[in-house]
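As you go down the protein sequences, you meet chains A and B in turn.
According to the working numbering, the first sequence holds residues 1 to 257 in order.
According to the working numbering, the second sequence holds residues 1001 to 1083 in order.
Derived by calculation from the structure, the hints in this document are not laboratory data.
These figures come from a predicted structure and were not determined experimentally.
Distance condition first, Cα-Cα at most 30 Å in a straight line; then the derived DSS-like pairs of lysine-lysine:
| # | chain 1 | residue 1 | chain 2 | residue 2 |
| --- | --- | --- | --- | --- |
| 1 | B | K1038 | A | K148 |
| 2 | A | K149 | A | K235 |
| 3 | A | K148 | B | K1036 |
| 4 | A | K148 | B | K1039 |
Take a look at the letters that make up each chain.
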Amino acid sequence: MKKDGILFHAKHAYRPNILGYCGPDGRGSIQQGLEEGKVGEELVATLKEFEAAYPFLKLIARTTGRDVFDYSVPEAYWIGNPLLDKVPVSEFYGFSHHELQGKDEESVRAVFRKLNGSAVPHHSFYVMSTFAASGETDGPNLENENAKKIAALIDNCRISWGKVKSVGGRELKVEFRPVVIEGGRLGLAKPSLKRVQYNPAVRPFDSVKAGDVVSLHWNYACDVLTPRQSRNLSKYTDADLAMVNRFLGSRAGRSRR
Amino acid sequence: MCVTRAGRVVSVSDGRARVEFFDGRALDEVDVSLVKSKKGEFVEVFGNMALSTLTPSEARAKKKAWAAVVRASTQIAAEARAR
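Construct all of the structure, not just a fragment, from the sequences and the given hints.
Below is the structure:
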């Protein structure tokens, strides 16, 4: 089994699962696996029950000739790496229609049509495009207090990153750039400080220190990133923002006509 | 990661709702302030926020689709445990 890839995937899937937003209910196998640093059948079976994350990994693996839990596959999905650029957009389009349940077919078509072949199966793109394609959040809603709520939702759901400024027992203070919505467009604000939770029993958080860059999901530090991963997460997030803004811009143009 | 899940609003208080999803689960404290949902209506929820409302016919279609998702993910997990 691809232990490193499974644990990397589990670190990033853990938090929304505990909150009840995705994946199977009520089992401690993810936390146990992470704290013990061990990969067992129950952990793998649990990770395969995630309704969206696991199909995304299968898509990336199938189209790039990798094992589904090869480290590079979950890394591409959560953080971003060049594997994403090798996934044919036609495969991603087909996947979004036929394998990714819960997505509205017309919304999927609209997003892919406007992005003209540039969509990639990156988790943050999925998060941002889900928001962008939602009819209820279109147009005037972005100009009122809803913009802050939606920006906060995107920040929680996407994988973001933060530079550790100080380390507490179960909490880190990190410097982080939140999403802002201004003029109907998404962007990243200037860095600000926020507190996030972490689990010191999960490696490498037993030795996390100021200056480290950590990946974040739902105000929880998932992993300590290498400089390469940190650059990739920033690069692919910027690309996601640009794609989603192109889509939002096309909607705004349409609504003005 | 979060998935867009569909379900029925069973109670609302101060812009927060309890939603029972078609996959058999439920979530308290769903923020329904964007869609201003009422008890008995159907919504699509992403994370902890309702992003859109569904008509009853849309809800029926989603319910059917989610039944297939639950069957498939349960089957995949059962096969993984049996190996």
